[in-house]
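Following the hints, put chain U with the ligand in place on chain X, whose structure we already have.
Residue numbers (this note's numbering), protein chains in the order written: chain X, 1 to 167; chain U, 1001 to 1404.
No lab work stands behind these hints: they were computed from the structure.
Selected chain U positions facing chain X (in silico; Cβ < 10 Å):
{"#": "1", "residue": "L1135"}
{"#": "2", "residue": "R1138"}
{"#": "3", "residue": "M1142"}
{"#": "4", "residue": "I1201"}
{"#": "5", "residue": "H1206"}
{"#": "6", "residue": "A1257"}
Which chain X residues stay away from chain U? Per the calculated CB distances, all over 12 Å, these:
{"#": "7", "residue": "E29"}
{"#": "8", "residue": "H30"}
{"#": "9", "residue": "A39"}
{"#": "10", "residue": "C40"}
{"#": "11", "residue": "L57"}
{"#": "12", "residue": "E99"}
{"#": "13", "residue": "D118"}
{"#": "14", "residue": "R134"}
{"#": "15", "residue": "R152"}
{"#": "16", "residue": "A159"}
Just so it is clear, CB atoms sit at the ideal spot from N, CA and C, and this is done for glycine as well.
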Amino acid sequence: MPQVEYRGMLLMVPDNDSEFGGYFEAAREHRLVVKKCAACGLLRFPPGSGCPWCTSLDWTWQEVRGKGTIYSYEIIAHAIQPGFRDFTPYPVIIVELDEQRGVPTPHDGLRLIANLVDDQFQPEAEANVAIGKRVDVVFQDLSPELSLPQFRLTDEPPAGSVWQFPG
Amino acid sequence: MGRLTDKYCIVGVGETSYSKNSGKTTRAMGAAAICNAMRDAGLGADQVNGVLSYHGGDSTAGPEIAADLGIRPDFYMDCSGGGSSTEALVGLAIGAIEVGMCETVAIFRSMNGYSEVRIGGTGRRAAAPVAGSQLLSRPYGMVSAGQNFAPVFMRHMMEYGTSSAQVAAVKVAHSKHASNNPKAFYRKRYTVDDVLNSRWICKPLHLLDCCVETDNATALIVTSAERAADLRQRPVYVMGVVGRVTKKRGDTFYNDAPITDVAGKYAAERVFGMAGVGPEDVHVTGSYDAFTFTTLLQLEDYGFCRKGEGGDYVSNGIIELGGKRPNNTSGGHLCEGYTHGMSMVIENVRQLRGQADDSCPGWQDGIHTHGYAEGGCRQVREAEISMNLGWANPVTGSALILRR
Ligand SMILES: [Zn+2]
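Next up, chain X with everything else stripped away, as it sits in the complex (with noise of 0.2 Å):
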């Protein structure tokens, strides 16, 4: 069972975990993978146990790029966690990846939770956080068995128009 200590806290992955057990295991491959769903073919995120849009049981894991837009964000300036203190101001960002969007519903879109990071896995200035932006995924290994995807920003422009918080 993948297991490793970050910022104090003990993430695990139980060996009976069929949600996230095969996430994780292409993320150390520093692979990106939803469930795909055998009987209709959507794409699903967060890998739940069954389909949304057609309560089909049966799935494959289905690798994606990980190129996406950022959908919302917020700068943590108060970690709540202990662990997290030295990383303030920090970015938590809603990725949509670039799959599956506006389906199949114009409102859907597949989307994840993430830190928006720079090249040493530091939070990236807030100053370059806004949604709309363009980013990529990076994994950080935290152990040889367990690693996180991350996401950085790119140097595309962004797909459509660009908010920051004014704040």
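Showing chain U with the ligand alone in chain X's frame:
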């Protein structure tokens, strides 16, 4: 859908004081809150035979507290849950009575929410291993309610141009109300600038956008209108109740988009249909103000204003005492204290009775000045219909419409 109007009532309410260090167990506080509600109603232990509570592994089970009070339950359940549970349990109590499982139900929430188990995942909760779906957020330093909700608030600012100053008006209003509530933990009146100048917690939330954490227990008692007739207080009737309603993707706050829509959008039609009234008929609201912003989102999705116009609604005086539809007249979670939503139901019951416990000498007899200056009255004039907007998170909510 059967009309509940006139069939079930809240007949007793009670609580313990709000503090940062109760020095008591959740058992002792829970018993005291129920005892206060029973005395308020004029009920003896042999007249209460249902006990319902909700908690997050941080409280005492119903049968222990019932035993302390001489109550022998024919029905009890301790449910897992936090905000939005109160309203849902009022509905479950009505169901249990309707089907004949019991006659009169005490609902309580008891928590040492500051001194023992804080909500944000610090203290006792921080030691647990992180596994399963928690791996999607906690390793990224996203653990507290504020941290979990902030991206929803941020997106609302982007989509609708909502400003921090507009949102701060919620704190301003609730703090005015709290200044007229002798029980409130924070009775100081705050300005928009006070909020904007308070330190950042997680942008877009300032410290004063976040509620107070307290030790406290609350209780209310539900029974049939038939039984209510003989009791001490003017009964407050349940017109409609829904909960806990979730959006389709109840597993996360960021998949069922627009993420700025909250569960209230599904709950509204059901609860107003049951009650046979609409938002315009409601005289006083009680929103779940874990944060200033949660009030705004709920008021929008229950139709008190149009979607996206919540910033204007909360900042133009409507939600203040003396305004068209005051919200959280006790000061709410932002100022009075925090017990997962039940305190706002208790406040609305008192409003509908005309018994807001303010500084008016005759409040117990329903005699109020309606002067809302600091330290004065907080009774809403001719409050006949109230509504509680329960919130657990953006994707889970409840609602309760009451009338006198
Ligand atoms: Zn499917």
